[in-house]
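Participant: If you read the sequences in order, they're chains A and B.
Per my numbering, the first sequence starts with residue 387, numbered consecutively.
Per my numbering, the second sequence starts with residue 387, numbered consecutively.
There's no promise every hint is true.
Copies of one chain are not kept apart here, so a pair can be met inside one copy or by any two copies together.
[Stated by the list, open to error] Below, in silico cross-link-like pairs of lysine to any residue (SDA-like), each with a Cα-Cα straight-line distance of 20 Å or less:
| hint | residue 1 | residue 2 |
| --- | --- | --- |
| 1 | LYS490 | PRO662 |
| 2 | LYS715 | ASP499 |
| 3 | LYS490 | ALA585 |
| 4 | LYS578 | GLY460 |
| 5 | LYS490 | ARG663 |
To be clear, the hints were calculated from the coordinates, so they are not data collected in a lab.
Protein chains: 2
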Amino acid sequence: VTRVGGAEGLGLSGERFSVTYALAADEPTAREMAADICIEQTVEFPQDLIASRSIREGIFGRIETFRAAGSGEGFEAVVSYAVEITGYELTQLLNVLFGNISIKPHIRVQRIDLGATLAGKFRGPRFGRQGLRALTAVQDRVLLCAALKPMGLSAAELADLAGKFALGGIDLIKDDHGLADQAFSPFEERVKRCAEAVARANERTGGRCLYLPNVTADGDGFLHRAVIARAEGAGGVVISPGLTGFDAMRRLADDDEIGLPVLYHPAFQGSFVTSPRSGLAHGMLFGQLARLCGADGAIFPSYGGRFSFTREQCREIVESTGEPMEHLKRIFPCPGGGMTMESMDDMLDFYGREAVFLMGGGLFRLGKDLVKNCRSLLERVSGA
Amino acid sequence: VTRVGGAEGLGLSGERFSVTYALAADEPTAREMAADICIEQTVEFPQDLIASRSIREGIFGRIETFRAAGSGEGFEAVVSYAVEITGYELTQLLNVLFGNISIKPHIRVQRIDLGATLAGKFRGPRFGRQGLRALTAVQDRVLLCAALKPMGLSAAELADLAGKFALGGIDLIKDDHGLADQAFSPFEERVKRCAEAVARANERTGGRCLYLPNVTADGDGFLHRAVIARAEGAGGVVISPGLTGFDAMRRLADDDEIGLPVLYHPAFQGSFVTSPRSGLAHGMLFGQLARLCGADGAIFPSYGGRFSFTREQCREIVESTGEPMEHLKRIFPCPGGGMTMESMDDMLDFYGREAVFLMGGGLFRLGKDLVKNCRSLLERVSGA
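Use the sequences and the hints to build the structure in full.
Facilitator: As structure tokens, then:
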């Protein structure tokens, strides 16, 4: 056999970050899986063929703890890695977290603990909960978000809706994530008209409603569109990192020229959370990764709507958006996907005030006058 | 209730593309799911609140066929969409394909039929099977690919391995996908040294081995690294679109200044194919999407190795890389993930000659002399 590696001294600091993996298997198998993760996510090479002690001790992942999962099903392993193997890049950090083992079933990433050094390489959310409250001047209730749709409306028609939402007291008005730069509603015209409509409404109401266009686009298009959005008076942006890559969201949040709040839409990412035993935990995706990548709010489908998340999964998201995570700001959970006036009591009870409620079709069902409908909703959540 | 939309005439051409969805449910439920997809993936709005006939007829998805799945389990619906709703962008095309419904279980994307107009917006693979054969001057056998690893080796050590692989007759030498720009093996030094080592070996052998560094990186880093790679004499690049976003792969392939073959690594994408009833079909991800995004070869874990793909799933990938898909070139399936000399007979029998075999640790197990090990493998596949 050919053994590799002899040189010693990789210049590692000894600082490590750790990842908690849920392993859905019996104990001997789960122990093997944990040991395998240490290799698969780092050297991806037969251990016995590696001669270098530096690599064995410094590069291999290391099992820090192994125990039965709190749920009683399966096991949980905390694996630590040298911070240097990430090269301090988001792409390679994601690779270490879940690159190859995403292809091995029955492994689920529960959480990451970055430590100060690695976390310090990421700016995180620019606004977070406090920042968004300051921008909208809403302190004592949930924030309300409405979506501009359906696709196929002209820029003028969408702007008309935006104006009504803003007059009705909605705090955040977002483009539907399917509004891109289609010929029937071109991005630039849409943004201009909608931002104007919201500004006019704000003048009348004295409110501070923000309009957030969807800037998801190919190439660097998401940056270009965000720059246009800023110039036209948009108050934030929406992006679907499942379509652009996670790093696009980080760049959007980090860009000082743009400097706008970022809402994270989960399009194309459902497969990460579909299986209870594989993929990413809900809190990992919509809480920890969202914050790492600079989102100020994470949109997800609430339990009780037309999607399939459970209360428990939504609870996990809420916790993960709000728990301490080094210097990374707390962000808003933004439940949506089928909220109605009828479900409002339950939603307020469950999510409390530290949330953005995203209502789409539900706002249109209440009556003929969309402005009034919005006011009813606002009244409903203000009383809570 | 408030109804929206009145303006007629969206300027749609009538051209449509279609997507085949597998629906794991009983017939009445599957029919509902198909109808729901038509709405969820387009207007995402209650149908009854949409007044516009143009939107109802032009924007809604349309069920073209609905039938029992060939497998006998569940149903299959072909849904068509107006090409214009993609805005001719990859991100929005992916969104229409599987954006919101990725969050609804028991829907699996089986295949896409783009039609000439939409396909024409994508250049696709620059080289494909024929192009890679021409570059490597290998016409009558499978191509061999080896990976530079383990992470932790210095640039000089990796270059030493690269030189030996090339002397031994390997056709493509790729960086392990975990080699990024870590301090212990910085990207630029590694590429320079490895490209040099391969060029020296090629001079000795008269061969045309290509070195493909991993350019997966944050921001536009993947482009910058590919430009460096080209300048230093690399013969191709590797990228993990699960980490960068799919569109990064397309940009890499489309960039005329770079103009190198692109190998697609599946890191972080396992969740799309983990569940047999949700996500993306194997052929969809590693065949159709790979080609749409410009990959010349798609790496995937073969059956029989340390991952979990079945023979049937691998067969689907092979077919999808090679079947007609408008003008998009046929690309190489690149099975790896635990190939050994012992499995070679079976692999050759299964994959035939139109493949790239990726062997990692297996090459080191054969004996002390890595060059000899490579020659044994080459001999083995050349005789086939």
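Participant: Which of the numbered hints are not met once you compare them with the structure shown?
Facilitator: Result: hints 3 and 4 break, sorted rising.
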